[in-house]
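*Asks:* In case you want the letters, here they are:
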Amino acid sequence: MPSRAEISSRVENVLRGLSFAALGLLIWLAFDRGRSETVVTARSANIESALADWSRMGISPDRIAVRLDSNPTPRQRDWLAALRGAGSQVSWSGSLSPVAVSVHPVTSPRGGLTILAAASGASPVIVSDDVGPLDTANARNGGASFSAPAATGIISARSGSTVATGLQHSTKPAKPLLVIGSAGWETKFVVTALEEDGWKVDASMRVAPGVSVTQGSSSAIDTSRYSAVIALDATAASRAQDIARYVAAGGGLVIAGPAAISDAFASLRASSPGRPDAPADLTSRAGAITLQSLPILPLSALRGDAIPIERRGSLIVSAARRHVAGRVLQHGYVDTWRWRLGGGEKSADEHREWWTKLVASAAMRGTTTAEASEGKPVDDAPLARLVEALGPAASGSGPGLASRAASISLWWLFIILSLSLLTEWALRRLRGLR
Amino acid sequence: MVGRAVSDFVFCTGRYESGDWDSAPTVPANLIDSIARYTEIPVGPAGVIVPLSSDAIFEYPLVYLTGHLPFRFTEAERRNVRRLVDRGGMIFLDDHNHDVGGVFHKTAMEEMTRTFAAPIDLPNTHPLYGAFFKFEDGPPTTSHELNGWGDNLVHKHLKAVMRGDRIAVLYSNKDYSSEWNYHPDNKRFSAVDNTRFGVNIIVYALTR
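Chain order of the listed sequences is A and B.
Counting with the working numbering, you get residues 1 to 434 for the letters of the first sequence.
Counting with the working numbering, you get residues 435 to 642 for the letters of the second sequence.
Derived by calculation from the structure, the hints in this document are not laboratory data.
Just so you know, these numbers come straight off a predicted model, no measurement behind them.
Just so you know, even glycine gets a beta-carbon here, dropped at the ideal spot from N, CA and C.
Don't take each hint at face value.
[To be verified] Pair ranges (Cβ atoms, derived):
#1 B:Ala-470 to A:Lys-172: 55 to 61 Å
#2 B:Pro-479 to A:Pro-124: 26 to 32 Å
#3 A:Arg-245 to B:Val-626: 42 to 48 Å
#4 A:Gly-153 to B:Lys-540: 58 to 64 Å
#5 B:Ala-470 to A:Pro-133: 19 to 25 Å
[To be verified] Here are some, though not all, of the chain B residues that point toward chain A, as calculated from beta-carbon distances under 8 Å:
#6 Ser-441
#7 Pro-495
#8 Ala-565
#9 Phe-566
#10 Phe-569
#11 Gly-572
#12 His-591
#13 Leu-640
The whole structure should be built from the sequences, with the hints applied where relevant.
*Replies:* Dropping the structure here:
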């Protein structure tokens with residue numbers, strides 16, 4: 001059995017070894033880091049003053065950990081990114097709502113805005129301008145679309161605590177439209193609806209072989225002349241080559257089912273129309289006709305590059321595709337004029353708005369210019385830009401906590417070293433004591 | 435209709451409760467024949483007669499009305515024709531009496547003013563007169579104006595209620611209802627088809 005002196009000697013050796021190990025580790029850390037690590041933290045509430053303090057430190061902190069409960073302003077985000085650029089390891093944590101907003105001018109003489117907001121479905125999206133709220137909707141499938149006739153200043157979309165802001169864009173006035181069809185109610189009422197909306201409409205309506213009623217000038221179809229061409233039936237086939245050239249150059253084309261039947265539009269259409277489909281009680285519904293009760297020529301087999309826009313049950317009613325630089329929108333509704341005349345109280349307005357939307361989605365966008373924000377910060381996708389600037393949020397064991405853990409371990413090493421040296425010294429001093 | 439790419443034009447005679455709405459029964463067949471003869475507008479082989487008070491009237495954006503007797507809309511008829519015109523439809527109303535002193539003219543003018551607005555003289559240079567055939571001098575004169583029937587006048591202008599620059603209601607004292615009221619087969623006996631102006635009215639309604 002070892003004596004008490006032998007035990008004491010062994011403990012001294014262990015403590016000496018521990019001291020050397022701790023000392024060696026500390027020396028290694030000192031050589032490795034060159035200096036002691038500076039770790040700083042802040043929260044959303046004090047980030048502004050913290051950023052100022054960190055920037056006055058002379059040497060930027062080694063690690064910056066920010067706990068966020070709301071999105072930082074673009075200025076704060078840029079400041080953090082600048083500190084990162086100056087050598088600090090910046091990490092952030094917090095559960096922020098992803099929101100983004102995009103504002104597009106409607107290509108229409110009446111103007112207006114389409115506001116697209118991306119958000120999670122957790123809370124409603126509130127869209128506002130400088131004057132006040134414009135609309136509210138629940139985000140479905142990751143977003144919501146809003147239409148506004150006009151807005152003042154900066155557009156914002158709020159979901160939860162996150163606010164995204166976007167600028168409006170001014171656009172050059174839309175060019176005229178060209179409507180091509182046979183003399184009939186559909187052509188007449190499409191022209192009427194578009195004119196009511198403020199479009200200048202040129203039209204070519206075939207009446208007899210070699211005889212067309214023309215409105216305006218419908219000679220050359222080119223992008224300097226027209227925002228979009230609307231081909232309503234097979235009479236447009238005689239100009240299919242001109243139309244294809246126009247679309248390839250960036251023009252917009254709306255092609256109705258009766259026109260898409262023609263093989264002259266094979267290179268442009270999204271699909272060749274299938275068998276006609278009509279609600280059985282169509283004829284008895286005069287006075288209550290809706291878009292949904294109209295007969296359709298469904299788009300049977302879409303081309304690979306076409307995107308379905310609207311469905312009726314399992315049938316595709318409209319689809320869009322790009323053709324070189326232009327857009328093609330094909331719809332399958334037959335005789336939309338019946339809806340205008342034979343619908344409810346507001347059917348004429350609804351018919352006009354439907355055609356306006358259809359044409360606006362295909363028409364050439366003029367040059368747009370972002371309106372000035374008048375010094376106000378604009379942040380169209382705050383969370384995405386935060387991730388872009390600083391990387392994704394740190395998880396529970398991420399850099400923020402790791403940096404704290406690293407700073408704590410230095411103290412533990414020092415404490416272990418001190419205690420082991422003190423104990424070893426004490427044991428040596430007490431060695432001869434009986 | 436669904437099986438066709440473009441629906442047919444169907445000639446519609448409006449039936450109203452007052453007066454004799456069916457005083458020119460062969461006008462529709464005659465004009466349908468002319469449309470088929472001169473144009474390639476797909477046209478229904480037979481016209482329809484639709485009560486103005488029925489919602490079915492909204493299937494027919496051009497409505498032909500005529501008669502000799504006092505002319506009044508009921509409230510339901512007035513509401514429907516007003517809505518039809520507001521939505522872009524057109525009414526062609528012809529005085530079968532050819533008489534500006536007659537009851538049809540007086541009551542029809544009152545009714546048009548009450549329902550829409552006071553009709554104005556349509557300039558003889560209006561696009562209606564060049565919509566298909568060219569009528570340099572305005573509305574073609576009818577044999578009934580020349581032979582001294584009715585008011586014994588040759589009316590230089592048609593009248594119209596306008597919506598913007600579009601004719602919403604076309605009103606005639608020229609008695610086209612008598613002029614065109616014969617079997618289409620008898621056109622072969624005419625040197626010039628007198629229904630050609632009817633083609634202009636239909637083409638105008640379909641294109642403006």
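*Asks:* Confirm or reject each hint.
*Replies:* Comparing the hints with the structure gives:
1. A hinted range of 55 to 61 Å is violated for the C-beta pair Ala-470 (chain B) and Lys-172 (chain A), which are about 46 Å apart.
2. For the pair Pro-479 (chain B) and Pro-124 (chain A), the supplied restraint of 26 to 32 Å is violated, since their beta-carbon distance comes to about 57 Å.
3. Our hint of 42 to 48 Å for Arg-245 (chain A) and Val-626 (chain B) holds, since their Cβ atoms are close to 44 Å apart.
4. For Gly-153 (chain A) and Lys-540 (chain B), the hinted distance range of 58 to 64 Å is satisfied, since their beta carbons lie about 60 Å from each other.
5. Under the hint 19 to 25 Å, the C-beta atoms of Ala-470 (chain B) and Pro-133 (chain A), about 59 Å apart, miss the expected range.
6. At a threshold of 8 Å, the smallest CB-CB gap from Ser-441 (chain B) to chain A is about 5 Å, leaving the interface hint in force.
7. Contact between Pro-495 (chain B) and chain A, as hinted, is supported at the beta carbon level, the nearest pair being about 6 Å apart and thus within 8 Å.
8. For the restraint placing Ala-565 (chain B) at the interface with chain A, the shortest Cβ-Cβ distance is roughly 7 Å, inside the 8 Å limit, so the hint holds.
9. For the restraint placing Phe-566 (chain B) at the interface with chain A, the shortest Cβ-Cβ distance is roughly 6 Å, inside the 8 Å limit, so the hint holds.
10. Checking Phe-569 (chain B) against chain A by beta carbon gives a least distance of about 15 Å; that is not within 8 Å, so the hint is violated.
11. For Gly-572 (chain B), the shortest C-beta to C-beta distance to chain A is roughly 19 Å, which exceeds 8 Å, and the interface hint is violated.
12. With its C-beta approaching chain A no nearer than about 23 Å, His-591 (chain B) sits outside the 8 Å limit, and its interface hint is violated.
13. The beta carbon of Leu-640 (chain B) is positioned within 8 Å of a beta carbon in chain A (closest approach about 5 Å), and the interface hint is therefore held.
Hints 1, 2, 5, 10, 11 and 12, counting from the list given before, are not met by this structure.
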